[in-house]
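Colleague: Let the sequences and hints guide you as you build the complete structure.
Residue numbers (the numbering used here): 35 to 205.
Please note: incorrect hints may appear among the correct ones.
[Unchecked claim] Once the Cα atoms are required to be at most 27 angstroms apart in a straight line, the calculated DSS-like pairs of lysine-lysine come out as:
| no. | residue 1 | residue 2 |
| --- | --- | --- |
| 1 | Lys57 | Lys123 |
| 2 | Lys57 | Lys117 |
| 3 | Lys117 | Lys157 |
Everything labelled a hint here was simulated from the structure, so no lab data went into it.
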Amino acid sequence: MRVEVTGKNGFNPTKDMKEYIEKKLTKLKDLLPDYENASARVVFKEYKSFKKVEVTIPSKNIILRAEVSSNEINSGIDLVVDKLVTQIKKYNSKIKDKLGKTSLKYQDVEDSASEVVRDKHLKLEPLSREEAITQMELLGHNFFVYLDKDTRKTTVLYLREDGKYAVIITE
35 MRVEVTGKNG FNPTKDMKEY IEKKLTKLKD LLPDYENASA RVVFKEYKSF
85 KKVEVTIPSK NIILRAEVSS NEINSGIDLV VDKLVTQIKK YNSKIKDKLG
135 KTSLKYQDVE DSASEVVRDK HLKLEPLSRE EAITQMELLG HNFFVYLDKD
185 TRKTTVLYLR EDGKYAVIIT E
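Modeller: Rendered as structure tokens:
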């Protein structure tokens, strides 16, 4: 696996940190079928009272992403890798359950991932961001697609893991 390490908010990762994250990411070797061809983007951020480790691994059939805040970088690395392992195991388990098979093969994943089980047609009504948040909360969903009243662009509102909202605005 290729590992790209960067620092933000004034944090400069050391060579030891890079070696440590590379070593820890080898835990994924037996879980990711394309481990050797995969690449991981690791971002270390420093804040006043904590440090954050973010890892993104775009794989052939899934994009893995985990982030952890911690006082120490090495413990943050350990925790973020554990999160990735849990994500992969959960994904593999879902695929196994869906396919009724005990081993993960890429062709099986591609076949199941490309299966569309439902089409949903939406008539996009112009809404403000606040109205879209209200609609999403009323529906109990973690995302909502709407036509932004001000920009007239199709927008996706979603709930982040930290409980805050984010939007994707189409061009």
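Colleague: Take the hints in turn and mark each one as holding or not.
Modeller: Results of checking the hints against the structure:
Simply put, Lys57 and Lys123 have alpha-carbon atoms about 19 angstroms apart, close enough for the 27 angstroms limit, and the pair holds. Of the pairs offered as hints, the one joining Lys57 and Lys117 holds, with about 16 angstroms between alpha carbons and a cut-off of 27 angstroms not exceeded. Restraint check: the Cα-Cα separation between Lys117 and Lys157 comes to about 38 angstroms, which exceeds 27 angstroms; the hinted pair is violated.
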